[in-house]
Amino acid sequence: MNFIVFLKMVPDVIEELKIADDGKQLDSDWIRMKLNECDENAVEEAIILKEKFGGKVTAVALDAPELDDALFNALAKGADKAVKIIGEWKDVHSPAIAEIFAKYLRDNNLIDNQTLILSGSQAIDDIEGELVYYLGELLNLPAFGVITHVDYDSGQNSVSLVKEFAGGLRGEFSSGLPAVLGIQASENPPRYIPIAKIRAIMKSAAIEEVVIPPDGLPAGTTIEKMFEPETTGKAEMLDGSTDEIIEKLIGIFSDKGII
Amino acid sequence: MIVELDAIRGVSLDTIYDSPEGKLIQTCIQCGTCSGTCPYGEYMEYPPRRIIKLLQHGLVDKVFDTDSMLKCVNCYACMMKCPREIHLTEVLLQLVKEQTVIKLPVVPPELQKALENNYRYGNPMGESGRKRANWVQTSSVPIRILSQNPEPVDVLWFVESYPAFHPRGQDTCRAIAKILNALGVDFAILGNEEKSAGECGLLSWESGLAEALVDYNMAIFSKYKFNRIITSDPHALDAFNFRYRMYGFKGSITHIVPFIIENIDKLKPMLHKTLGYSVTYHDSCCLGRHNGYYDEPRALLKAIPGIKLIEMVHNRINTLCCGGGGGGMWLDTYFKSQNMERLSDRRIKEAIDTGADVLAVACPYEIPRFEDALKVAGYDKKMVVRDIMELVSEAMED
Numbered sequence: 098m099n100f101i102v103f104l105k106m107v108p109d110v111i112e113e114l115k116i117a118d119d120g121k122q123l124d125s126d127w128i129r130m131k132l133n134e135c136d137e138n139a140v141e142e143a144i145i146l147k148e149k150f151g152g153k154v155t156a157v158a159l160d161a162p163e164l165d166d167a168l169f170n171a172l173a174k175g176a177d178k179a180v181k182i183i184g185e186w187k188d189v190h191s192p193a194i195a196e197i198f199a200k201y202l203r204d205n206n207l208i209d210n211q212t213l214i215l216s217g218s219q220a221i222d223d224i225e226g227e228l229v230y231y232l233g234e235l236l237n238l239p240a241f242g243v244i245t246h247v248d249y250d251s252g253q254n255s256v257s258l259v260k261e262f263a264g265g266l267r268g269e270f271s272s273g274l275p276a277v278l279g280i281q282a283s284e285n286p287p288r289y290i291p292i293a294k295i296r297a298i299m300k301s302a303a304i305e306e307v308v309i310p311p312d313g314l315p316a317g318t319t320i321e322k323m324f325e326p327e328t329t330g331k332a333e334m335l336d337g338s339t340d341e342i343i344e345k346l347i348g349i350f351s352d353k354g355i356i
Numbered sequence: 021m022i023v024e025l026d027a028i029r030g031v032s033l034d035t036i037y038d039s040p041e042g043k044l045i046q047t048c049i050q051c052g053t054c055s056g057t058c059p060y061g062e063y064m065e066y067p068p069r070r071i072i073k074l075l076q077h078g079l080v081d082k083v084f085d086t087d088s089m090l091k092c093v094n095c096y097a098c099m100m101k102c103p104r105e106i107h108l109t110e111v112l113l114q115l116v117k118e119q120t121v122i123k124l125p126v127v128p129p130e131l132q133k134a135l136e137n138n139y140r141y142g143n144p145m146g147e148s149g150r151k152r153a154n155w156v157q158t159s160s161v162p163i164r165i166l167s168q169n170p171e172p173v174d175v176l177w178f179v180e181s182y183p184a185f186h187p188r189g190q191d192t193c194r195a196i197a198k199i200l201n202a203l204g205v206d207f208a209i210l211g212n213e214e215k216s217a218g219e220c221g222l223l224s225w226e227s228g229l230a231e232a233l234v235d236y237n238m239a240i241f242s243k244y245k246f247n248r249i250i251t252s253d254p255h256a257l258d259a260f261n262f263r264y265r266m267y268g269f270k271g272s273i274t275h276i277v278p279f280i281i282e283n284i285d286k287l288k289p290m291l292h293k294t295l296g297y298s299v300t301y302h303d304s305c306c307l308g309r310h311n312g313y314y315d316e317p318r319a320l321l322k323a324i325p326g327i328k329l330i331e332m333v334h335n336r337i338n339t340l341c342c343g344g345g346g347g348g349m350w351l352d353t354y355f356k357s358q359n360m361e362r363l364s365d366r367r368i369k370e371a372i373d374t375g376a377d378v379l380a381v382a383c384p385y386e387i388p389r390f391e392d393a394l395k396v397a398g399y400d401k402k403m404v405v406r407d408i409m410e411l412v413s414e415a416m417e418d
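Protein chains in written order, with my numbering: chain S, 98 to 356; chain Z, 21 to 418.
Please keep in mind that the hints were generated in silico from the structure rather than gathered at the bench.
Note that the structure is a prediction, hence the values are computed from the model and not measured.
Quick reminder that beta carbons are idealized off the backbone N, C-alpha and C, glycines included.
Take these hints with a grain of salt, some might be off.
[Said to hold, decoys possible] Just the calculated beta-carbon pair ranges, DEER-fashion:
1. Z:R150 - S:G317: 45 to 55 Å
2. S:S251 - Z:D400: 20 to 30 Å
3. S:E306 - Z:D34: 30 to 40 Å
4. S:A297 - Z:N169: 31 to 41 Å
5. S:D165 - Z:S32: 41 to 51 Å
6. Z:R366 - S:E306: 51 to 61 Å
7. Z:N169 - S:P310: 26 to 36 Å
8. Z:D206 - S:T328: 55 to 65 Å
9. S:A302 - Z:R150: 23 to 33 Å
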């Protein structure tokens, strides 16, 4: 099988985020980037599927700060190839990213009936919607998001999928290949790779660089203003003995109409 | 008793028998002292004695398929009590542990997170490295940060992650800053440039992570001029004293307790407040058993007016581990899932039995571990955990 995993780097929210002087974007000198968490799960799922059913895993991403670390990590986990699409990728969101990835797939004739395209189900900066649906539309392939389980039936050449819905509901789907999957959670949590192995991969493996001209990309959304959430109410700490606190709590609940 | 570094450089499990350490291992008399003294020995399928025997028969691979080495908390008890003086904790067990983590089907999630955080953020708790020096703003005395003022300095204070980020560790930091300032020590810290020394990567499974941190910190050290390093973390002391030297580190490193003892004559007149506590002292495995600092912490405690020192049943070389070393800090949930008693819960019972008001410690892991254990024991209203530096600082108050 041919697993292609599309990855995206997102701002690391462990670091405090800072808004740039123009008030329209994050300060790129300040933020650190990390691999989108769902994408980490997508890599893991692709590698689990490869281990079960054989095939090759290719990890592909638009260039971004600290991307190399994420790609070497994917290689250390068991990906066979890592591809970086070179360019200044500013203000490109899901519809434009899908165009670029679709072009990459078509230019390299990568889609056949053994191909499964995976990506994270969502990312914190998906301001124009989720990638997999745009990708499915452009490639005219079935696309599924919020996937938590994937199984492959080689006889039927189809995948059976579990998709999560709101309210704790789950749906089971079956799809022929090729297909596009948005992974919410991999079968197992992303595995640990000893750092020695990552460092060895950095010395021995290479990341393939591909150029795709950013022509004819959809214009997309323009951010007019970015600002920090405004504080409206604050938590109130209740003091006193246990009985007094219970009394106060009951008072608050009845004031709010909860009891 | 610390192993000669040249004797083990580049040694792996395959080549260990060709090294002087391997010759020592061949002299093992299978007395079982190591397994008997191991705090988790009864939970290990392969405690140290059996590991040695398997190694002698070329069957050590069997250990990698078990979680035995996950349960080693690097307390140095087996090594320090071995009648043949085999460097178990320093050499053989590390090599077996490293293979264990490579072969383990699933690394316990808390440990995985701590290791990954150490690699990405330079601290196991996953805090932003840019906040590492934030505590400095709460210090009552000025603290120089080398990146802001790179002039040569006498003493470089390597703060380490738990002191820098944990709220109770920060209490210790403020106390240390106050003491150093009062003693007139010319000191500075690395601030946000510092990352974990890497001992808990190094001695807990992950030589690659350790090397990454060693490379990083060595490069930072080379930027500045200083005469010596001090640290309040015995694990960092071990990292610098032991593994960093393998990578060419030549600096002088001292734990804060013996450092203050060097200045005890100057300090004593400043300790004017009588504290009136009865105190029991917990010997940290790294500081005590591994580095032999048994008398210095006690001397420092006795220098404080009004402190009465009561010993626990297990003290000095027989100290019981708090369970935080060797990655144990991030394996509490795993140990619990294996029905294993937390070692800090075991140790706290001895502390409580002394009837002391204060459990004094000299390692930053121990404050949160024992404070939790006191809560588990329902004794947190009757006993407090204090770093020795906090007690010294309190005695300096008017």
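Each hint, compared with the structure:
1. Here the CB-CB span from R150 of chain Z to G317 of chain S is close to 31 Å, at odds with the stated 45 to 55 Å.
2. One distance hint, 20 to 30 Å for the beta-carbon pair S251 of chain S and D400 of chain Z, is violated here, with the actual separation near 59 Å.
3. Checked against the given bound of 30 to 40 Å, the beta carbons of E306 of chain S and D34 of chain Z, roughly 38 Å apart, stay inside it.
4. One distance hint, 31 to 41 Å for the beta-carbon pair A297 of chain S and N169 of chain Z, holds here, with the actual separation near 39 Å.
5. Judged by the Cβ atoms, the range 41 to 51 Å given for D165 of chain S and S32 of chain Z is violated: they are separated by roughly 29 Å.
6. At roughly 56 Å, the beta carbons of R366 of chain Z and E306 of chain S sit within the given window of 51 to 61 Å.
7. For N169 of chain Z and P310 of chain S, the Cβ-Cβ distance of about 49 Å falls outside the hinted range of 26 to 36 Å, so the restraint is violated.
8. In this structure the supplied range 55 to 65 Å is violated for D206 of chain Z paired with T328 of chain S, their Cβ-Cβ distance being about 43 Å.
9. Remark: the range hint 23 to 33 Å for A302 of chain S to R150 of chain Z is upheld by a beta-carbon distance near 31 Å.
Hint compliance for this structure: hints 1, 2, 5, 7, 8 are not met, and every other hint is.
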